[in-house]
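Student: In case you want the letters, here they are:
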Amino acid sequence: MSRNPQLNEKGALQHLLTIEGLPREILIHILDTAASFINVAERDVKKVPLMRGKSVFNLFFEPSTRTRTTFEIAAKRLSADVINLNIATSSQTKGETLLDTIDNLSAMHADMFVVRHASSGAPYLIAQHVGSHAHVVNAGDGRHAHPTQGLLDSYTIRHYKRDFTRLAVAIVGDVLHSRVARSLIHALTTLGAPDVRVVGPKTLLPAGVEQLGVRVFHNMDAGIRDCDVIAMLRVQNERMRGALLPSEQEFFKSFGLTPERLALARPDAIVMHPGPINRGVEIDSAVADGSQAVILSQVTFGIAVRMAVLSILAGK
Amino acid sequence: MNIHIKGCRLIDPKSGTDAREDLFLAAGVVAAWGRAPKRFRADRTIDAKGLVVCPGLVDMSVRLREPGYEYRATLESEMQAAVAGGVTSLACPPDTDPPLDEPALVEMLKSRAKSLNLARVYPLGALSAKLKGKRLAEMAELAEAGCVAFSQADVPIVDTEVLWRAMQYASTYGFPVWLRPQDSFLAQGGVAHDGDVATRLGLPAIPSVAETASLATMLQLARSAGARLHVCRLSTAEAVAMVRRAKQEGQEVTCDVAVHHVHLCEVDIGYFDSHCHLVPPLRSQRDRDALRAGLADGTIDAICSDHAPLDEDVKHMPFGESEPGATAVELLLSLTLKWATEAGVPLVSALGAVTSTPASIMRVDAGTIGVGATADLCVFDPEAHVRITPASLCSQGKNTPFVGYEVPGQIRYTLVAGQVVYENAA
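Residue numbers (my numbering), protein chains in the order written: chain A, 1 to 316; chain B, 1 to 426.
What the hints contain is simulated information worked out from the structure, not anything from laboratory work.
Each residue gets a CB set at the ideal place from its N, CA and C atoms; glycine is no exception.
Just so you know, not all the hints are guaranteed correct.
Said to hold, decoys possible - Stretch-level coverage of chain B by chain A, calculated; a stretch enters the list once three of its residues show a Cβ under 8 Å from a Cβ in chain A:
hint, segment
1, 199–213
2, 313–320
Unchecked claim - Partner residues aside, some chain A positions facing chain B, computed with beta carbon under 7 Å:
hint, residue
3, 119
4, 120
5, 144
6, 206
7, 208
8, 209
Stated by the list, open to error - Pairs of lysine to any residue residues, derived as SDA-like cross-links and limited to a Cα-Cα distance of at most 25 Å, are as follows:
hint, chain 1, residue 1, chain 2, residue 2
9, B, 6, B, 347
10, B, 315, A, 97
11, B, 398, A, 97
Using the sequences provided together with the hints, build the complete structure.
Tutor: So, in structure tokens, the structure goes:
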């Protein structure tokens, strides 16, 4: 197997493709850098000149508003030029291959590609293909990884809990299809969280998930008992009425996060969700809007984390 | 032309021969071993000191891409690749475009192949019309045109009644049925084994039970229909155990494994290497070990290349979108030798899995060196190692996960009907 494709010869970050296999120091460096960007948003002029003259291409092969927007804001606050391309609706439908698209954009001297793609591993292919001056940030590929989400989740946890090494974290719901879950699991195990749990029905947990260093629970009450952090996952509507789950109601009854269930966790537990939330499916409105939910903080922190990733890749 | 092959190590798996013997070829057949026949005058003498002479390889699955996929490979390129790999007889699956479900297509393919004077081509006919699994193909006509067995390639028959009837119909004429076990519902959308690697990489998965559930059905239907079943491309430990049990119970069943699965497993996918996107998927190390054990104890009868030349464009794609398959006909011998060395299997029995045994499953006159038998031979240097590179392959497809591997066995000569059709002076 070849060298970790996201590190350069010196062991520094060349691309951000997944959290798996990244050294703890790099994760901490990203989180610390993000912390230094938090107050930029509170300034009158919400900009720093770190990436002036650099161009960031947002390449979204799969529709997304939220993630694309936060990357755009992050890049703009770093003074970069941002180009948004929704390829889902342009060249690929005209038959251009993925790598042809990348060649074309490389010829426009892109410094940074922020890529979202429906196929697991697509950002690896792009990273292998772009020249050594360009950097690739994975903004979500298939079920594989969503590293900036994993980092912003980690940032949020660190913000509220300070120390990872005493935490119990439950990740609840559709782990099978979730890149968010995979990235969070890798982040937490790298950062030293001793008790990471996944909770869900057998149909929504991938084979051998315990190999990732998690404990598996099929019972929600047992799974979240005494947890410090509950990370809820979004359950896609299309999974709801097929061979995986019988109905939204039944899922909510067994695995939905209600105030009664939340009471089983530690009294100071926080509740996270990557959004967009399905009220009444995976989470009760009373919890989503309650004092323990940190869902909107995640969004705010997400911009700082993405600024950190972009600026570190740009060598600043 | 009379050829004297001098000083070679002669290995004939069928008779269990492994001896230092000279070989004398005349009029396309093996005229004698050991001593030259009376009045034999060699037109050519091949100095084969240190070389092994074995029957030409018999490969149970080589896609020649004709008709329909000439942009991927042509009969010329792949037949050249076959003899460069020491393969002198091959079965080609019916997954062409159109599929091999009409006698005229089969006759055309056979005559085109014959005109090249390279390896012998034995087409597998489609079991169902257009491989659609709805209506039976005209098996008797296809057999007359030259099909040696009937297959669905990688397209499962979903309707079990059609499958059962197809087996009954084939067995009416004594035609063997070759099927790859895969439940199309359980495998739907999957691209990798349902194990640790797919979980980590987030690749849609194909569970082992997709193979075993289908195999169980197949074995039962074949038993009830009295059909001669050949199970293609086993990939799971459980399937090996099931075939072993069926054989112990006396069922007339044979099976093969693709050479990739003898060496690779899910871990080789690494960082989404699309060259490891194969059908069936590369499974766990435990499965690979079971396949190797099955080969060693004879549960698995044959090793095939499952040759599938592809253009690079369809591999330069995200793993799940890339086309599955690998080019391999030229690697069959080397990878078989590599397995034999690693597993401590004697050469004479390892070579049986790529010569005499597949020939007997295909019921063709090949895969053995006997006095009077057609002189289809492979002459190789067992000590030489070759490094696999795209440039080293004759096949138009350069798609193999083995690029960079150093493998034993270099083909020096391939002979078909006593004629040298490939020669590598080395």
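Student: Run every hint past the structure and note whether it holds.
Tutor: Checked hints:
no.: 1; hint: 199–213; result: holds (count 8)
no.: 2; hint: 313–320; result: holds (count 6)
no.: 3; hint: 119; result: 3 Å, holds
no.: 4; hint: 120; result: 4 Å, holds
no.: 5; hint: 144; result: 3 Å, holds
no.: 6; hint: 206; result: 4 Å, holds
no.: 7; hint: 208; result: 5 Å, holds
no.: 8; hint: 209; result: 6 Å, holds
no.: 9; hint: B:6 x B:347; result: 20 Å, holds
no.: 10; hint: B:315 x A:97; result: 11 Å, holds
no.: 11; hint: B:398 x A:97; result: 20 Å, holds
Checked against the numbered hints listed earlier, the structure breaks none of them; every hint is satisfied.
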